[in-house]
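**Student:** Sequence:
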Amino acid sequence: MSQLSRRSYDGASHEKRLSKYRVTDDDLFDYVLRVAILSYVTSPKVIGTQSNGTETKEKEHHSKISGAISNSIISIGDIFKEIRDGSKSVKFPEKLLKVLEQKLQNIAMGKEAAYSDQLTRRTMAVFYNQFMGDPFRRQMKENRSIEELILMFASQATSVLRKEPTLVDDAWKVEVNNQIAQFVRMLRDCLKGLSHVSPELNSRLDMYHAKLSESSNESGYDSAPTARDSISTAPGISASINDMPFVMVIAKLFKIPENAIQGEVDRLRKICTEKAALVDLKTCLKNINAGAPFPGRREDFENDAAWHQWRTLETSHLSQLIVAMMAMNPELAKSMPADSSSAYGASPRPGSVYSSTPQGAVNRHASTTSVGSRRSIFVGAAGGDGVPETVSEDIDGDEEIRVGHNFTFIPPNPRRFYKRLVEYCLAADLDTMFGPEVDDADEVPLTILSAPHVALINECAVRWRIGQPYRSTCFLESIKQFYERGDVPMDCIPEALQAVSKVVHDLEVDRWPIQDAELLANVYGGLYNIFLSSLYHAMEAIPNLKVSDIQTFLNVLDHVRESGLINRFEADISVRLSDLEDRIKALSTEYYQEKIQQLQAAPGVNRALPLLLMTDDLEKIAKQLDKRFSEPLLGRIDIVSLVVEATIPLYIADLQSSSKKLLESSTHGPTPDVPIQDIFALYRRTKTLVSMFGAFCPKGQINFDLSQFFMAYVLQWLLETDNKTNQWVQAAIAADKFEAENAEGHSSSIVDLFDSLRSPITFLQELEWSDEYQNARFFTSLSKTISKAVEQYCRSVEELFMNEMFPRPTDYLQPQKSSAWLERAKQLATTGEKKVEPFNFRPESCVKLNNVEAARKLLDNMYDQMQVDKIADVLAASPPVPEKAESPRFLFTVKIVMAEGLIAPDSSPSALLDTFVTLSDEAGNRLVKTRTIYETLSPRWEETFDISVEKPLWLMCSIRDRALMGQHDVVGRGFICLNPAQYGDFLTHDVWLDLQSANQGHQGRILLRVSMEGEKDDVQFYFGRAFRSLKRSEGDMMRIFVDKMSPFIRQSLSLSVLKSLIKTATVLGYNKALANVTGLYRSALGSNANEVQVPLPSAEKPRVRPEELTDVEIEGAIVPLFDYFDSNLHILNTYLSETAKDMVMLKVWKEILLVVEGLLVPPLSKLSSDMKPLTDKEVDIVFKWLKFLRDYFHAEGEGVSLETLQNQKYRDVVSIRLYYDWHT
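For the sequence shown, the UniProt record's numbering gives the first residue as 1, with consecutive numbering after it.
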């Protein structure tokens, strides 16, 4: 149901609504009126009977009861038995319950004159109470069996009437039959106003009513002693049109006054008889057997199967109508010839007027007489031709029945008359709907037709032998025509199509008559054109088209397309669909052009912004349309693909045309008009659109290389990123206080720097560059920038570290602690000998070393994040690309190892040097500078540097003596050429450079260890360089820690201290007391079982040593060193990371071993040494010092492990004792 708005009615006149058929209104009126009269004549009538109540009547009454009981009362079970035995269940429409409820309520309230008898009202009221109960209604809704409904009423009627005192003896049984007959008639009347009623259901009710009425008539019994109505088929036909429902409908339909139509009825009553109707039916049967055009013949069907099916069902239906008429009026059988009468009378009573029993079952194509029905009117039959043999033979042998179109009730062209009647009823009902008596809020059926008109059309269809295929198709065609004129809303079309679908479901179209199938195909074709045109115009809403805008059109179009009936118009439809596709593309193009012009007209200098906004809009539209129209319309029209196909190439063209301006605007000055971020946003969205185009338009092509177009912007961004590294490093260091922020001991600068470096990596990865090779080249360039940043950070941190380690007096004053070890060191210093000032470490220096260590870990993580190995594989697998004509570069690794034979500038034999090395190029630019090694003429730097060259490069190697104030003195100079040809073997070469001085000539020599590798533009090469820079810085800074401690270690373990210890028998009170306490504590520990023992040869005897000093005295000599370690190693232990702390401790221990070794034996050298061997006492003291220091570093297991301390170098030093013990 739907509401029809008055606005859909254009006020056209009634005549304009009708098709221009050759059927006049007078002819239509005449034949419709005939059917209406026949309907009245063949229906049961209500007549009145009277009883005087006298003794004579009472005797007759008892006599009639007895006869009725003995001969004529029909058992309900017997009536239903045939249905249960031979036919399938037929369900009544669900709407019947609602109509029946209102009918029963009206009867119980006395509003129905035909059911005004008190007994009838009482019985109906009792049944109404049961009917309104939930269990009863639930049961009826589930099975919807008409027989069960009648049995329920019979049960209630029996319960009420058998207790009725006015019905003496068994008279109540006759009354039960009478009321059941009334109830069946009431059911039949209720069904007349409903659509989709099965003809099988109607036929059964007619048969039940006929049997019950016949029983009542044969009994001759009046059901009540008082005057009351009863149902009977006895003669009593009224001549008034007021008793003829269909006649009154026709009068209103054709707008004919009652007196005029009364005259027409009186005129036609003579010819509109039941016998004439019977003759029409028999003529139809004879025409079928004779192959006459009407109602159908073989030529009307595509194949024999369709013809035989139709013939079987049609003849069966006609035969059942004949049997039903004779059952309703037995006089018809009497009026027939004797043989005919016997023929009809001999046939068994059918279970339905539409089917015969028990020989055959009802065909599944059961039908209804409603114009809106979705079922076929044809049913199965008993015999092979659908007619009982006796009936068929009788019709063929009846000479009074002529073959041809000789009918009383069937018009000359039934289809055209039926079509005209449907249009007439539709027009009349539309006039009524839009009249003042119907409110806008009232709901009306989408079939437009009112219930009386539906019943009239159904009645005419049955009498005119209009098949269900034509009924549904004719109604659809009429609705289509009214829709084209704007007289009915769109919703009426699907309703009519649904009726056609039901018929097609019950009877395939290839079984339809050819004429009906062709008509349906033409109607479908017309509908397809109409709604395809509507769809065409609805596309004006693109790209904001909604499903609801076209859903109704699509439903009709899909229904028609899926039927397969319009395949004959495939060529025309294909052209129309192509036009629709072109229209969608054209509208999409118009939208794009209007939108881009609007965006470009907006104020602003950012040329990328309109394109960015356009990409947003296009992506939004595509996603929106894809969500709304996930499947192609009509199996072909993919809206989102068409929109994408039209708009994205336009966008790409605009993007390409803006290429030059975008590049200029994005690279112009420090603050370009187009930020580079917008360019890359444009890249991402363009990439999305191109991917979208490929997904929605797999056969489409766009001549556009996305990677090539945006590559210049990426290269520009990489260059800008490279230029920012210096700022990143400086900003990170400037903001750093070099205070440990976590357990790892590093500060904020290294984290900030790597966060800055990680950002461009993430940015490049998020670009998801489509060209793998180009992407690998981008990351290679970025790795070079990362390497550059790491190297710069190392240099900056080392510079700060060096300033802390070697402060100038004006910049930094070493805080002096008035501690015991410092005073003791001053006392032990020999008068006139240069004193070593012990150096105290600062926590900030430790944090800087930790930063370098943390950088190595962060660089490892960055290596994995960038997937460096995968990038290298991509580059290796790619074909070689012609490189630019650039000179190859080579990377030299120069390690400054050591120097020997240095001479102080003042020529003092005892003078020592604080030396560092520089390497300068031909232009005098300093490329390399080492740390300073203090107070030695044989310094060891062990520092490595990378130098990149394109051609042979001469370097000047200078050794300088560091001065606290003023210029550093040059000790000596040498020259080396870094020639790629000379080092082309890529091996490491040891190069000794002789040093020369301008004033003094030969000044010793220096060892350089040189190797070369080709500098490659390779991601692994750049990461390797960064790792080497970090490792070199870490090593250099650790050496500085040891170098700052080394002078004091050498002074504390020097030969002068050793000599002083032997010569001095006692020490000053305070210091001796302190040494005694320490010595007693350590001597209490006893000898260490883990101490390495060097066995003497068997022939060798131990030397007799003089009386030794006590351990307390020996240890007291180096107490300042232990105090120094206590102070500074605590700082290192607190602020260095675990890894750095372990490495520094090992290097300090190695330095101690070297100092001890230097006391025992002279250093290896080509030069002769004047060092004298130590005495036995001195050797003992030195090895006790070594033992004390070993125990100090081991710290009873809490420090360095013995396995680490007693390494190979330790064992080598201990083995020197062996050589002192041998006699030479």
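One thing to keep in mind: the hints can contain errors.
Label pairs and their calculated CB-CB ranges [claimed, not checked]:
(1) V547 - L650: 38 to 46 angstroms
(2) D510 - Q105: 46 to 54 angstroms
(3) Q867 - N723: 20 to 28 angstroms
(4) P670 - L715: 12 to 20 angstroms
(5) T762 - Q624: 54 to 62 angstroms
Straight-line distance between alpha carbons at most 27 angstroms, and here's what the computed DSSO-like set of lysine-lysine pairs gives [to be verified]:
(6) K1063 - K1172
(7) K211 - K163
(8) K788 - K951
(9) K286 - K91
(10) K627 - K724
Rather than coming from a laboratory, the hints here were simulated on the basis of the structure. Heads up, the beta-carbon is just placed ideally off N, CA and C, and yes, glycines get one too.
**Student:** None of the hints should be skipped; say for each whether it holds.
**Tutor:** Taking the hints in turn, this is what the structure says about them:
1. V547 - L650: 38 to 46 angstroms: Given range 38 to 46 angstroms: violated, Cβ gap about 26 angstroms.
2. D510 - Q105: 46 to 54 angstroms: holds, 48 angstroms
3. Q867 - N723: 20 to 28 angstroms: holds, 25 angstroms
4. P670 - L715: 12 to 20 angstroms: Roughly 18 angstroms apart at Cβ, these two residues keep to the hinted range, so it holds.
5. T762 - Q624: 54 to 62 angstroms: violated, 31 angstroms
6. K1063 - K1172: Status holds; Cα separation ~18 angstroms.
7. K211 - K163: holds, 25 angstroms
8. K788 - K951: Holds, because 22 angstroms separates the two Cα atoms, which is no more than 27 angstroms.
9. K286 - K91: violated, 33 angstroms
10. K627 - K724: violated, 45 angstroms
Checked against the numbered hints given earlier, the structure breaks hints 1, 5, 9 and 10 and satisfies all the rest.
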